[in-house]
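**Q** Here are the chains, one letter per residue:
2 protein chains.
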Amino acid sequence: MPSTATRAAQELFDHHRATLDRALQAIAERGYWSPYSEQLKQYPQTAIEGAQAAFEALLNRPFVLQGPAAVGRAGAERSPYGFDLGVSYDQYDPEQLLARQQQALPAWRDAGPQARVGACLEILQRLNALSPTLAHAVMHTTGQAFMMAFQAGGAHAQDRGLEAVAYAWRAMAEVPQAAQWLKPQGKLDPLHLDKRWHIVPRGLSLVIACSTFPTWNTYPGLFASLATGNPVLVKAHPGAILPVAMSVKVAQEVLAELGFDPALVSLVVDTPEAPVAQQLALDPRVKLVDFTGSNAFGEWLERHALQAQVFTEKAGINTVIIDSTRDLKAVVKNLAFSLSLYSGQMCTTTQAIYVPRGGIRNGDEQLSFAQVAEALSAAINALLADNDRACAVLGAIQAQATAARIDACRELGDVLLDSEVREHPQFPGSRVHTPLLLKVDAAQRDAYAQERFGPIAFIVATDDSAHSLQVAREVIAAKGAMTLGVYSTDEAFLEQAEALAQDVAVALSVNLDGGVFVNQSAAFSDFHATGGNPAANASISDGAFVSRRFVIVQSRRHAAQ
Amino acid sequence: MPSTATRAAQELFDHHRATLDRALQAIAERGYWSPYSEQLKQYPQTAIEGAQAAFEALLNRPFVLQGPAAVGRAGAERSPYGFDLGVSYDQYDPEQLLARQQQALPAWRDAGPQARVGACLEILQRLNALSPTLAHAVMHTTGQAFMMAFQAGGAHAQDRGLEAVAYAWRAMAEVPQAAQWLKPQGKLDPLHLDKRWHIVPRGLSLVIACSTFPTWNTYPGLFASLATGNPVLVKAHPGAILPVAMSVKVAQEVLAELGFDPALVSLVVDTPEAPVAQQLALDPRVKLVDFTGSNAFGEWLERHALQAQVFTEKAGINTVIIDSTRDLKAVVKNLAFSLSLYSGQMCTTTQAIYVPRGGIRNGDEQLSFAQVAEALSAAINALLADNDRACAVLGAIQAQATAARIDACRELGDVLLDSEVREHPQFPGSRVHTPLLLKVDAAQRDAYAQERFGPIAFIVATDDSAHSLQVAREVIAAKGAMTLGVYSTDEAFLEQAEALAQDVAVALSVNLDGGVFVNQSAAFSDFHATGGNPAANASISDGAFVSRRFVIVQSRRHAAQ
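Taken in order, these protein sequences are the chains called H and Z. For the first sequence, the residue numbers in this note's numbering are -6 to 554. For the second sequence, the residue numbers in this note's numbering are -6 to 554.
Be a bit skeptical, because a hint or two may be false.
Claimed, not checked - Below, computed lysine-lysine pairings styled on BS3-like, alpha-carbon distance capped at 27 Å:
1. Z:Lys242 to Z:Lys326
2. H:Lys176 to Z:Lys322
3. H:Lys326 to H:Lys180
4. Z:Lys180 to Z:Lys322
5. Z:Lys180 to H:Lys180
6. Z:Lys322 to H:Lys34
7. H:Lys180 to Z:Lys432
8. Z:Lys176 to H:Lys34
9. H:Lys180 to H:Lys34
10. Z:Lys242 to Z:Lys34
11. H:Lys432 to H:Lys322
12. Z:Lys322 to H:Lys326
13. Z:Lys432 to H:Lys176
14. Z:Lys176 to H:Lys180
15. H:Lys326 to Z:Lys242
Read the hints as simulated data drawn from the structure, not as lab findings.
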């Protein structure tokens, strides 16, 4: 007989069934869809007006979550907009925390897919209601401008969470719960078995969050694991704990209200001086690891956490190839926004832009390499001319190391456009920097074919467009990429680009010169990363992202006569 | 425009569509179904009558396959029934072979899911027609008795291949090929993108076959990889090459007839003295490895072939727990067949049988431990009393090392039933041995909790049935298991067993005392292994078995105005 908690969660499943069904349709069709509004004005007036105060009420005090007895406190977040958050979080004894989650696992497993998915859908809906407040927390940890923090940290992250739940539900629902197995035996009675199948979670799931997208990059792994029955440890980045803590709190509240152990979703905090992710990732009870962050640690996880299924999103050399254009102005306007948005701190932001050193055709005219470079520089300048608008696009630089990298990279090439420090209109002391644009030759691979995280991009002079394709192929095969943009008026060239994209397994955007940008990835439509090149070993989200999070355990017996 | 080869393969897809659709229904329902008859008499009379001669025509000569220029020859198979096969096979330069497959990959990828699945379905149908001849090749490499070789090596293996194709097709078909993405922009025109998605194979696929089930354990990985676009290297076990070579030949014929490079499926042979699997498994072009065999090499692959997705089926401690029975005679008759079938050389054969040292309830009577042990010994004796029948159940021991293990294990416990050497009625010199049954105490874990491959089983005396559950839990958690059989008349105990099965992720069979055996695993219904305990890291076949074999590459552009 199902427990009270299970029945209550199943009611949530029924309550949210229409949303789930529409999400299932969306992942089958992958056209545009989102259940969570990205328009602030669509949220209740009280939520909008109270958001700032609700955020401030969290500052300068402990943030309280459920878990074992605290053995310490950590938290030293500082807003990239120039002030300390002053929030502290409990630290737990890892042994106690993992043991508690292990103990909570069977009840969560036995609740079954419907109950778990019902709980996940409720958590997502409550996260959505919290979006206006979450936006402030995301802004003041990541440095994203407010509107981006609201959209990417709120609705878009929730979309990604729901998308993962939909994939998880589909994968679980495709396994029948029971069957009659009747095998004919000629003139004898058939063999007749009753069979049952259980969805069994792999074990504990460790989700290692990043500092720049603490919700967007965390929700897919969190919800995919939780829906498939795995308790989740969310290890926040020391620089962006608060949005993760707020998300964990919502999950804990829903779980506790239903009667499950709220520690099924637990927050883990650490400090740069005493990191804990390595130790947790190697614990034999941890069977799933989701990671967003550096190549070094991602590759370490892939090589060492062999007891676990490891899903990594690392970094690569995001690439644009310009072969020929119809309207270069529209192209560079589009690219200028891509390069400037959140100061290039997106894992999808272009770093290398290949342009033939002899220039390109633009409509009826031939433009020199210098003219192309100048057009892009001018477009960035135009976009960022108005300081208020610039700050609303750029946001702030999350980490001081990223700001320092701008200076360190200046000498890697010829400066086409130098990075400037800007003064934020509301937050003096913000870490605001405009993009640095460098010119290098294709031979200077040490410069442009290493990841340079932040507002740093290279225009790379190649022999010709065939050479651009070849260099891009080699660099992406070796270093990976999340995105490839190609501009050409020649369909034969675009077919080569389409083949290249498949050969190195990178998502291709063709001739984006309007209101869609190469670094944007829309849930329910764009697969984020392919998992097929060194930039990531998994895609968010597809069937492979969820199917390895559970196993199927069968039981069979002779059918009752 | 699709190539001629692609169009021809798409026609095969249409031709076999009804079979595929029925297979899709089967994996969704997992009741009984098989498209390939396990009844020899259902095959054409000419095929049955010509099978022996067709097999003999292959002996004592080179077996010819397509591939790069040969650089050597290997093959020293000896039938466990006592004669040399005398077949030799080409060996290729690995660099040339891998380069050729890499070159063949794009055309196979670009043919698309329908064409690839069409080719796979045709290969399977031709393999089915070859079943009577394949049976002899399986028999005289594995040692399986003829009827088992015909069924398990023929129809059942083809079922497993088709099952993998069905999962692969479902996973690929769930990815839309294209979509219109229309995002509303308030009063402005919506953003409008055309999007396309490509199924992109991971790369080269290495399938490492085993000596006991060279087709059954090979077809799932082979067909899952091939259907999803990956060229396949089948590395045969030196002791069982011929059935693999015959299967590869059928695949090559279909591929060549369609106009694809037949080397998309290639045979790799080696010798025990100069094995090649390690080197191939670490090649950066090899992105998928399927392995059936020893724990030592399986774990080595899991730890070292980190550039690849690795699917292993290794070994564990298959377990039966006897708590109480209604009809012990029926139970021991069932177990006697399980332990004797193919001399215990199935990865699903029981090794440890836990019985309380105080005995068990059987119906209305109390039986002592000795009575239970004696009943099982007597049942094995009865089953194997008639030598012809015994040989038809036992088959022959594949490897001399397995026969030697019987002797080595005698001193591990008290001999309840000694292993006997038998004379095969048709093949003098066959390696035929009856099961060895030992009594040990639960404390003697070194004896029974190590895999003892072959006709070697232990009755393990425990404190009581709760102790049986506890020991089974610990042993399976540590060493893994493919199968768990439980006998009890107490539903509360069976519920504990059901929980145990989930906790250690092992397939459970309850009270099998008729014509179904714990070591049997039926395609389209029983998941073979769970992938959730140390005996295997993957299941044959489920969604997770196929979804990691390809990635999804998208391209998007503004819709034409």
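**Q** Please go over all the hints and tell whether each is borne out by the structure.
**A** Now for the hints, and whether the structure bears them out:
Proposed proximity of Lys242 (chain Z) and Lys326 (chain Z) is contradicted: the alpha carbons are some 41 Å apart, above 27 Å. For the given pair, Lys176 (chain H) sits about 24 Å from Lys322 (chain Z) by alpha-carbon distance, which is consistent with the 27 Å threshold. This hinted pair does not check out: Lys326 (chain H) and Lys180 (chain H) have alpha carbons roughly 78 Å apart, beyond 27 Å. In summary, the hint linking Lys180 (chain Z) to Lys322 (chain Z) is not supported, as the alpha carbons are separated by about 80 Å, beyond the 27 Å threshold.
Taking the CA atoms of Lys180 (chain Z) and Lys180 (chain H), the gap is near 72 Å; set against the 27 Å cutoff, the hint is violated. Simply put, Lys322 (chain Z) and Lys34 (chain H) have alpha-carbon atoms about 75 Å apart, too far for the 27 Å limit, and the pair is violated. Proximity of Lys180 (chain H) to Lys432 (chain Z) is assessed by CA-CA distance (about 40 Å); at most 27 Å being required, the pair is judged violated. Distance restraint check for Lys176 (chain Z) and Lys34 (chain H): the Cα-Cα separation of roughly 18 Å lies within the 27 Å cut-off, and the hinted pair is therefore satisfied.
Proximity of Lys180 (chain H) to Lys34 (chain H) is assessed by CA-CA distance (about 72 Å); at most 27 Å being required, the pair is judged violated. As the CA atoms of Lys242 (chain Z) and Lys34 (chain Z) are separated by approximately 25 Å, the hinted pair is consistent with the 27 Å bound. For the proposed pair Lys432 (chain H) and Lys322 (chain H), the alpha carbon gap of about 19 Å is at most 27 Å, so the pair holds. Our distance criterion of 27 Å between C-alpha atoms is broken by Lys322 (chain Z) and Lys326 (chain H), whose separation comes to about 83 Å.
A threshold of 27 Å between alpha carbons decides the hint, and for Lys432 (chain Z) with Lys176 (chain H) the separation of about 36 Å lies outside it, so the pair is violated. With a C-alpha separation of about 62 Å, the suggested pairing of Lys176 (chain Z) with Lys180 (chain H) is violated against the 27 Å cut-off. A distance of roughly 57 Å separates the Cα atoms of Lys326 (chain H) and Lys242 (chain Z); the hinted pair therefore is violated under the 27 Å criterion.
The structure fails to meet hints 1, 3, 4, 5, 6, 7, 9, 12, 13, 14, 15 from the earlier list, while all remaining hints are met.
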